[in-house]
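S.K.: The lines below spell out each chain.
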Amino acid sequence: MDVVELHGLTKSYGGRPPALRDVTMAIPGGVVGLLGPNGAGKSTLIQCVLGLLPDFDGEASVLGLDVRRDRREIRRRVGFMPESDAYLPRMTGIQAVRYLGQLTGLPRNEALRRAHEVLYHVGLGEAIYRQVKEYSTGMRQRFKLATSLVHDPDLVFLDEPLSGMDPTGREELLDLIRDLARSHGKHVIWSSHILPDVEKVADAVVVLDKGEFHGRFQLEELSSDRGHVRLEIEGEAAGFAAALGEADIQLVPDAAGAAEAESSGRTAWIATLPPGTGGADVMRCAHESDVRVRRLAPVVENLEQVFMRILGREESN
Amino acid sequence: MAVYARGYRPYRGQGRGAPAWYVIYREGYSLAFKNWGFRIIGLLFVVWFVIWAAGLYFTFGLQDQVDRATRGVGTQNMLSAASQLKQTLSIFYSGVAVLTGLLAILVGAGLISDDLRTRALPLYLVRPIRSWEYVLGKALILPRILVWTCLLPGLFYYLLVGLWQPPGETMSWLGGNLDIVESVVMHFLTAATSYTGLMLLLSARTDRRGAVIAVSAAIIFAGSLLSLIMARLEGLGQVMKYAGLPVNTVCAIARDAVTASVRTRRGDTHADRILSFIPEPDVALMIGVGLLALGLFSAIRRASTVEVSA
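First to last, the protein sequences are chains A and B.
The opening residue of the first sequence carries number 18 in the numbering used here; numbering runs sequentially from there.
The opening residue of the second sequence carries number 771 in the numbering used here; numbering runs sequentially from there.
One or more hints might be untrue.
[As the list claims (entries may be wrong)] Calculated lysine to any residue pairs in the SDA-like style (CA-CA distance at most 25 angstroms, straight line):
| # | chain 1 | residue 1 | chain 2 | residue 2 |
| --- | --- | --- | --- | --- |
| 1 | A | K150 | A | E177 |
| 2 | B | K804 | A | T109 |
| 3 | A | K217 | A | M156 |
| 4 | A | K150 | B | R975 |
| 5 | A | K150 | B | G798 |
| 6 | B | K804 | A | E151 |
| 7 | B | K856 | B | M1056 |
| 8 | B | K856 | B | G798 |
| 9 | B | K804 | A | R125 |
| 10 | B | K804 | A | I111 |
| 11 | B | K804 | A | A273 |
| 12 | B | K804 | A | R130 |
| 13 | B | K804 | B | R978 |
| 14 | A | K150 | A | D171 |
| 15 | A | K150 | B | L801 |
| 16 | B | K804 | A | D102 |
| 17 | A | K217 | A | V20 |
| 18 | B | K804 | A | S153 |
| 19 | A | K217 | A | G56 |
| 20 | B | K804 | A | Y146 |
| 21 | B | K856 | B | W822 |
| 22 | A | K150 | B | R979 |
| 23 | A | K150 | B | G980 |
| 24 | B | K804 | B | W918 |
| 25 | B | K804 | A | E143 |
| 26 | B | K804 | A | P124 |
| 27 | B | K804 | B | T976 |
| 28 | A | K217 | A | A273 |
| 29 | B | K856 | B | V1053 |
| 30 | A | K217 | A | L328 |
| 31 | A | K150 | B | W806 |
| 32 | A | K150 | B | M1056 |
No lab work stands behind these hints, which were simulated from the structure alone.
The shape of chain A in the complex, shown without the other chains:
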């Protein structure tokens, strides 16, 4: 089930270039990373679908509800943790979360009970009676997460939730987010440009850049064989490359392994094998070209490499 669907979403700020250009995509349930470099349009996209930026073109729906028509119902079922350092002046942690719970429609006493629960859950149990403005950066991140959970939403938007947190805090918050999704069935859309964090928790990622949609894929695809192999040979490279070309096997230089290969007198490539071909075809070409294959291994990319490849390929196009 897709929790967010966008059709031709376009948003401009004044006379500046559009922050979002004709974005058409669907975001699946589970934990989804909304990835992109700074200025990609991630926060703008979240604010549009939450109705915080009402003037945009195109269609958008959240949990099957129209963003323009069902804004209040969406906000009842959705939580939002903003990127910016947000707090309510002159309030303690417990007061602020209780207050925001009431604003979501909870009766005062139930809001107070929920405020206690979520503040303890995010690890602020010892600081609930302190003024929020006295919280450290990491505590404020936890506080914002608590405000987004107080009304028990079905879907939570997290905008850069780990920024400013120390390593221990990051791991704790990652565990919390993982637990929300796995144990309590919450859908989480997580905007970030810190890819290793997303990789630890997300089921899928959506890539945005310069306001445009650049692709969506499941993280489990990263570890599967995508038809790319890392290849190192000794011998006459040109003839071997020509033989592979005849077999419809594409080659690009392996930038990561080039230096090490050259020092050993080898040539390194990344080869893309078309469907129906395999390592045996590479070995046959090597035998015919009289070169020795020193390395032939599938390429396993991490999220950062895939991310860079997607953006790099699109840019070259």
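Following the hints, complete the assembly by docking chain B onto the known chain A.
M.R.: Quick look at chain B alone, frame taken from chain A:
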């Protein structure tokens, strides 16, 4: 292990809470009392109120008892009691006007600008509330405070003097002086609409509380001073009275010249020269309502998007 540390718990409640505007209003009103400046001014107000309550007692209550004890009959009459009360209200509200101006600035400056400064607006707007509900909740805070400073004291003094009338004349005295109640209510309405409108208008424009305080203080107090100076000029005052209506209305409130004192002190030549510079109560109220409409419009517009603070 703490009971709440066992993990996330789903919310099973079905109850519906209070309307969002009421929650915002109630929370904002209770937060106002956390401000030390507010507490100090509130204390000054209480002292001022008690002083004039005591003044009234010694003027009417005690004097009447002395007269009854020494002469066997009370000396008050309806005219003198009403006129003395109006005089007292006039002086009382002159002092209150300064305190009320300070309260309005202290409470009103942060109404919306605090939420802009702390970037709390997205925390509100992502809830199922409309922007008008947010603004309505904010807009009711100041009038609630002005009920204590502008409305209830005047009504209390009026009832007090009524109770000190000779036996059997209380109701007739109260009924015969309803114009005092009308003046007190008009004064409250004008102050509530003008101050709320002005503070909403300024507070929605910037996230800098200090700037809002400076500008509103300049409008309320420096404007009042300007009004006094200009009142000594002939001719120009009549024109300026309407040319600078919004400022003059606030000045009028700050000088307690809008209702009670205008109505009670007209006929005094010196007072008339000063008060001629200030709009009539009905006009002042209309201006107050206009200022409130402008403030509400500006605040609702600001609260309908996070575009600037995003």
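S.K.: Now tell me if each hint is right for this structure.
M.R.: Comparing the hints with the structure gives:
For the suggested pair K150 of chain A and E177 of chain A, the alpha carbons sit about 20 angstroms apart, so the restraint of at most 25 angstroms is met. Restraint check for K804 of chain B and T109 of chain A: satisfied, since their Cα atoms lie roughly 12 angstroms apart, inside the 25 angstroms limit. With a C-alpha separation of about 22 angstroms, the suggested pairing of K217 of chain A with M156 of chain A holds against the 25 angstroms cut-off. A hinted pair counts as satisfied when its Cα atoms are at most 25 angstroms apart, and K150 of chain A with R975 of chain B qualifies at roughly 23 angstroms.
With a C-alpha separation of about 17 angstroms, the suggested pair K150 of chain A and G798 of chain B falls inside the 25 angstroms cut-off, and the hint holds. For the proposed pair K804 of chain B and E151 of chain A, the alpha carbon gap of about 16 angstroms is at most 25 angstroms, so the pair holds. Restraint check for K856 of chain B and M1056 of chain B: satisfied, since their Cα atoms lie roughly 24 angstroms apart, inside the 25 angstroms limit. Taken as a hint, the K856 of chain B and G798 of chain B pair is broken in the structure, with Cα atoms around 34 angstroms apart against an allowance of 25 angstroms.
Using a Cα cut-off of 25 angstroms, the hinted pair K804 of chain B and R125 of chain A holds, with the two alpha carbons roughly 21 angstroms apart. The hinted pair formed by K804 of chain B and I111 of chain A meets the criterion: a straight-line CA distance of about 16 angstroms does not exceed 25 angstroms. Distance restraint check for K804 of chain B and A273 of chain A: the Cα-Cα separation of roughly 61 angstroms exceeds the 25 angstroms cut-off, and the hinted pair is therefore not satisfied. Of the supplied pair hints, the one linking K804 of chain B and R130 of chain A holds, its CA atoms being roughly 24 angstroms apart against a limit of 25 angstroms.
As the CA atoms of K804 of chain B and R978 of chain B are separated by approximately 20 angstroms, the hinted pair is consistent with the 25 angstroms bound. For the proposed pair K150 of chain A and D171 of chain A, the alpha carbon gap of about 29 angstroms is over 25 angstroms, so the pair is violated. Restraint check: the Cα-Cα separation between K150 of chain A and L801 of chain B comes to about 15 angstroms, which is no more than 25 angstroms; the hinted pair holds. A threshold of 25 angstroms between alpha carbons decides the hint, and for K804 of chain B with D102 of chain A the separation of about 23 angstroms falls inside it, so the pair holds.
Simply put, K217 of chain A and V20 of chain A have alpha-carbon atoms about 21 angstroms apart, close enough for the 25 angstroms limit, and the pair holds. About 23 angstroms separates the Cα atoms of K804 of chain B and S153 of chain A, which keeps this hinted pair within 25 angstroms; it holds. For a cut-off of 25 angstroms, the pair hint linking K217 of chain A to G56 of chain A stands: about 23 angstroms separates their Cα positions. A threshold of 25 angstroms between alpha carbons decides the hint, and for K804 of chain B with Y146 of chain A the separation of about 15 angstroms falls inside it, so the pair holds.
Taking the CA atoms of K856 of chain B and W822 of chain B, the gap is about 12 angstroms. The hint holds against a cut of 25 angstroms. The hinted pair formed by K150 of chain A and R979 of chain B meets the criterion: a straight-line CA distance of about 16 angstroms does not exceed 25 angstroms. Restraint check for K150 of chain A and G980 of chain B: the C-alpha separation of about 18 angstroms stays at or below 25 angstroms, so the hint holds. With a C-alpha separation of about 17 angstroms, the suggested pairing of K804 of chain B with W918 of chain B holds against the 25 angstroms cut-off.
Between the alpha carbons of K804 of chain B and E143 of chain A the distance comes to roughly 23 angstroms, so the proposed pair stays at or under 25 angstroms and holds. Of the pairs offered as hints, the one joining K804 of chain B and P124 of chain A holds, with about 24 angstroms between alpha carbons and a cut-off of 25 angstroms not exceeded. In summary, the hint linking K804 of chain B to T976 of chain B is supported, as the alpha carbons are separated by about 23 angstroms, within the 25 angstroms threshold. Pair hint K217 of chain A plus A273 of chain A holds up; C-alpha atoms about 24 angstroms apart against a cutoff of 25 angstroms.
Among the hinted pairs, K856 of chain B with V1053 of chain B is consistent with the structure: their alpha-carbon atoms are about 21 angstroms apart, no more than 25 angstroms. Among the hinted pairs, K217 of chain A with L328 of chain A is consistent with the structure: their alpha-carbon atoms are about 21 angstroms apart, no more than 25 angstroms. Of the pairs offered as hints, the one joining K150 of chain A and W806 of chain B holds, with about 18 angstroms between alpha carbons and a cut-off of 25 angstroms not exceeded. The suggested pairing of K150 of chain A with M1056 of chain B is violated, with an alpha-carbon distance near 41 angstroms, which exceeds 25 angstroms.
The structure does not agree with the numbered hints 8, 11, 14 and 32 stated previously, though it agrees with the rest.
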